[in-house]
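Here the protein sequences come in this chain order: A and B. First residue of the first sequence? That's 0 in numbering that gives the first Met the number 0, and the numbers climb one at a time after it. First residue of the second sequence? That's 0 in numbering that gives the first Met the number 0, and the numbers climb one at a time after it.
It is worth saying that the hints were derived from the structure and are not from the lab. Note that the structure is predicted; figures quoted are calculated from it, not measured. Please note: incorrect hints may appear among the correct ones.
Keeping only pairs whose Cα atoms sit at most 25 Å apart, straight-line, the calculated DMTMM-like set for lysine to aspartate or glutamate is [said to hold, decoys possible]:
(1) A/110 to B/173
(2) A/109 to A/3
(3) A/217 to A/202
(4) A/109 to B/315
(5) A/109 to B/277
(6) B/181 to A/153
(7) B/181 to B/277
(8) B/181 to A/202
(9) B/235 to A/153
(10) B/181 to B/315
(11) A/143 to A/153
Calculated Cβ distances over 12 Å to all of chain B for the following chain A residues [claimed, not checked]:
(12) 57
(13) 69
(14) 103
(15) 137
(16) 141
(17) 161
(18) 192
(19) 212
(20) 226
(21) 233
(22) 261
All C-beta atoms, glycine included, are put in the ideal place defined by N, C-alpha and C.
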Amino acid sequence: MNLDFIIGILEIILIATTPLVFAAIGELVTEKSGVLNLGVEGMMLVGAVSAFVTLVISGSYFLAFLISIFSGVLMSGFFAILVLYLMTNQIATGLALTIFGIGLSSMIGKKYIGTPIDGLSPWFFVIISFVIVFIISYFFYKTKSGLILRAVGESHNAAHALGYNVIKVRFIAIIFGGSMCALAGSYISICYAPMWQEGMTAERGWIALAIVVFSTWKPERVLIGAYIFGGVTILQMNLQALGIRIPGQFFNMAPYVATIIVLVFISSNKLRIKLSAPASLTIPFFKGK
Amino acid sequence: MNLLSPSIVPRTQISSYVNFLVPLIAIILTLLTGSLIFSLLGFNPIHSLYTFFISPISSLYGFSELLVKATPLALIAIGLSYCFKNNIYNIGAEGQLIMGAIFGGGVAIYFYNVEGFWLLPLMLLAGVIGGSLWALIPALLKTKFNTNEILTSLMLVYVATFILDYLVVGPWKDPSGFSYPKSRPFNESARMPELFDGLRVHFGLIITLFLVFISWFIFSKTIFGFQLKVSGLSIKAARFAGFNQNKLIISAFIICGGFAGLAGLGEVSGPIGLLYRDISPNYGFTAIIVAFLGRLHPVGIIFSSLIIALTYLGAEDAQVFLQIPSAVGFIFQGLVLFYLLGAELLVNYKIQFGKIS
Numbered sequence: 000m001n002l003d004f005i006i007g008i009l010e011i012i013l014i015a016t017t018p019l020v021f022a023a024i025g026e027l028v029t030e031k032s033g034v035l036n037l038g039v040e041g042m043m044l045v046g047a048v049s050a051f052v053t054l055v056i057s058g059s060y061f062l063a064f065l066i067s068i069f070s071g072v073l074m075s076g077f078f079a080i081l082v083l084y085l086m087t088n089q090i091a092t093g094l095a096l097t098i099f100g101i102g103l104s105s106m107i108g109k110k111y112i113g114t115p116i117d118g119l120s121p122w123f124f125v126i127i128s129f130v131i132v133f134i135i136s137y138f139f140y141k142t143k144s145g146l147i148l149r150a151v152g153e154s155h156n157a158a159h160a161l162g163y164n165v166i167k168v169r170f171i172a173i174i175f176g177g178s179m180c181a182l183a184g185s186y187i188s189i190c191y192a193p194m195w196q197e198g199m200t201a202e203r204g205w206i207a208l209a210i211v212v213f214s215t216w217k218p219e220r221v222l223i224g225a226y227i228f229g230g231v232t233i234l235q236m237n238l239q240a241l242g243i244r245i246p247g248q249f250f251n252m253a254p255y256v257a258t259i260i261v262l263v264f265i266s267s268n269k270l271r272i273k274l275s276a277p278a279s280l281t282i283p284f285f286k287g288k
Numbered sequence: 000m001n002l003l004s005p006s007i008v009p010r011t012q013i014s015s016y017v018n019f020l021v022p023l024i025a026i027i028l029t030l031l032t033g034s035l036i037f038s039l040l041g042f043n044p045i046h047s048l049y050t051f052f053i054s055p056i057s058s059l060y061g062f063s064e065l066l067v068k069a070t071p072l073a074l075i076a077i078g079l080s081y082c083f084k085n086n087i088y089n090i091g092a093e094g095q096l097i098m099g100a101i102f103g104g105g106v107a108i109y110f111y112n113v114e115g116f117w118l119l120p121l122m123l124l125a126g127v128i129g130g131s132l133w134a135l136i137p138a139l140l141k142t143k144f145n146t147n148e149i150l151t152s153l154m155l156v157y158v159a160t161f162i163l164d165y166l167v168v169g170p171w172k173d174p175s176g177f178s179y180p181k182s183r184p185f186n187e188s189a190r191m192p193e194l195f196d197g198l199r200v201h202f203g204l205i206i207t208l209f210l211v212f213i214s215w216f217i218f219s220k221t222i223f224g225f226q227l228k229v230s231g232l233s234i235k236a237a238r239f240a241g242f243n244q245n246k247l248i249i250s251a252f253i254i255c256g257g258f259a260g261l262a263g264l265g266e267v268s269g270p271i272g273l274l275y276r277d278i279s280p281n282y283g284f285t286a287i288i289v290a291f292l293g294r295l296h297p298v299g300i301i302f303s304s305l306i307i308a309l310t311y312l313g314a315e316d317a318q319v320f321l322q323i324p325s326a327v328g329f330i331f332q333g334l335v336l337f338y339l340l341g342a343e344l345l346v347n348y349k350i351q352f353g354k355i356s
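Please take these sequences and the hints and turn them into a complete structure.
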């Protein structure tokens with residue numbers, strides 16, 4: 000094992016983990032406002048396909064990312080209208096969004112399977128992913144708007160009584176989450192693996208959800224969680240190459256097992272769960288009550 | 000002020016007609032949106048909808064295929080209603096299905112060269128145990144540590160997926176299966192008997208109908224069903240009445256997991272006949288839609304399982320005849336759930352014009 004080999008692996012880990020960071024930080028903002036959106040995987044897929052198709056048609060990378068983010072805004076906006084105004088069950092609506100997104104992305108992308116494109120260098124986005132995490136961290140703990148968003152997630156009734164517009168705050172948080180998920184998807188189809196394939200996000204959306212829990216809803220820990228989970232997957236492939244015979248599936252299930260352990264750890268103590276999870280998560284807000 | 004602006008007011012009494020109306024509205028809106036999507040993509044909407052929803056079941060074989068797909072959906076959905084009635088969000092039925100298939104299928108693989116009438120019952124038992132054990136994990140974590148069951152049951156789906164993947168690539172791989180990751184084919188006595196010659200509809204359908212009937216009895220005629228319902232409606236009322244909440248949570252999870260495990264075993268010992276990676280096209284998740292569409296009522300679930308099974312069948316036909324990817328079925332499934340949840344507003348709230356009284 001020489002230095003080049005290690006640097007090579009580190010590069011791959013950075014490139015492979017970036018979409019997890021985007022999706023997880025987006026979902027974290029949504030959950031901090033008190034809304035659980037299980038549609039991450041669906042929004043990532045639609046984001047990936049819309050970026051790819053736009054790039055093939057227009058040839059413009061800028062337009063591709065723009066349209067992709069717009070698709071995320073549309074998908075999450077639809078989710079927001081359902082859960083905020085029609086007060087639908089967040090868990091079922093989120094699952095419906097993922098199921099719908101899987102179908103929609105396959106349908107849109109049908110003609111484009113196997114179309115070659117020139118991939119874009121990922122490094123700009125790798126840097127952006129770190130920047131976004133630090134901006135969100137600053138926003139949460141150093142700005143008034145961040146405090147309001149957290150207050151809405153902790154107790155919507157108290158935030159409402161103080162005169163803050165709960166629905167508006169949550170709407171913006173959901174839209175931000177959706178655009179980040181779409182960005183993660185477009186990064187996958189344009190930078191990470193420049194192509195389109197049905198279901199190509201390969202369940203990264205669910206890992207992103209796991210990362211949010213693993214990081215106990217703290218932005219800077221999203222980086223730690225994402226790089227542990229992303230690193231494990233890449234290391235597993237390289238361990239196989241080095242002839243170390245531990246079945247890869249056990250590495251792949253590690254993020255999910257680790258998340259369950261973290262969940263049990265934080266929820267076994269009332270104070271700890273209070274300090275970690277947003278208290279109003281999944282509880283709908285109804286003004287008339 | 001604002002005398003004529005509409006406002007949303009909770010209903011004090013839930014009218015019974017909305018229970019039928021809401022799924023109906025959802026289905027009609029889904030069909031309308033579906034035809035809009037088809038015409039946007041340049042297909043004749045009437046012809047497409049016919050290909051999707053009518054032609055797949057216009058033959059006896061097609062109808063049997065509908066029942067093959069509706070069987071696991073109805074079985075899982077009726078299991079889920081034990082949880083959902085009690086406001087427990089077990090969304091990990093897919094993992095419980097896979098575990099049932101692993102346990103039951105494991106029995107078939109262990110006795111691959113032994114035939115006997117006892118083999119299938121043993122597999123059924125193992126399937127139920129596998130699913131229940133997997134569901135017991137989020138149940139115990141919830142009751143002992145107050146851990147959120149939504150996230151744990153979801154995470155366990157992917158753990159189960161990788162366990163199955165490990166088994167069919169590794170220890171349970173068919174020695175004569177070349178490099179394809181699948182197990183040995185099950186022997187004849189490890190297979191669900193087919194109900195009619197030449198049709199794939201199998202004995203699992205009878206088991207499902209029986210369990211749906213039993214569940215109807217439990218929901219409407221027993222104290223356990225009553226307790227589930229009460230603690231789902233109001234946890235405070237349930238506590239006041241002295242119901243043991245932890246016992247209810249654990250029983251609901253075990254029943255749901257057992258049913259899902261049975262559904263998984265039914266798939267691998269029925270139409271599939273061996274273990275491999277993709278034993279379930281998301282049945283465990285889709286069954287959540289079935290449960291909601293059927294409004295957690297046994298009769299409703301039978302109808303909704305047939306409707307959702309049709310989206311799977313129609314998608315397969317659409318792929319062959321319209322060259323549309325079969326994942327399009329998921330568009331319809333997603334849409335129906337969206338509309339259903341949206342229309343649910345009419346059940347719990349009413350729209351009132353004028354002042355809130």
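Hint check:
| no. | hint | verdict |
| --- | --- | --- |
| 1 | A/110 to B/173 | violated, 36 Å |
| 2 | A/109 to A/3 | violated, 40 Å |
| 3 | A/217 to A/202 | holds, 22 Å |
| 4 | A/109 to B/315 | holds, 15 Å |
| 5 | A/109 to B/277 | holds, 21 Å |
| 6 | B/181 to A/153 | violated, 48 Å |
| 7 | B/181 to B/277 | holds, 10 Å |
| 8 | B/181 to A/202 | holds, 22 Å |
| 9 | B/235 to A/153 | holds, 22 Å |
| 10 | B/181 to B/315 | holds, 23 Å |
| 11 | A/143 to A/153 | holds, 15 Å |
| 12 | 57 | holds, 20 Å |
| 13 | 69 | holds, 18 Å |
| 14 | 103 | violated, 6 Å |
| 15 | 137 | holds, 27 Å |
| 16 | 141 | holds, 29 Å |
| 17 | 161 | holds, 22 Å |
| 18 | 192 | holds, 19 Å |
| 19 | 212 | violated, 6 Å |
| 20 | 226 | holds, 19 Å |
| 21 | 233 | holds, 17 Å |
| 22 | 261 | violated, 10 Å |
In this structure, the hints that do not hold are numbers 1, 2, 6, 14, 19 and 22, in rising order.
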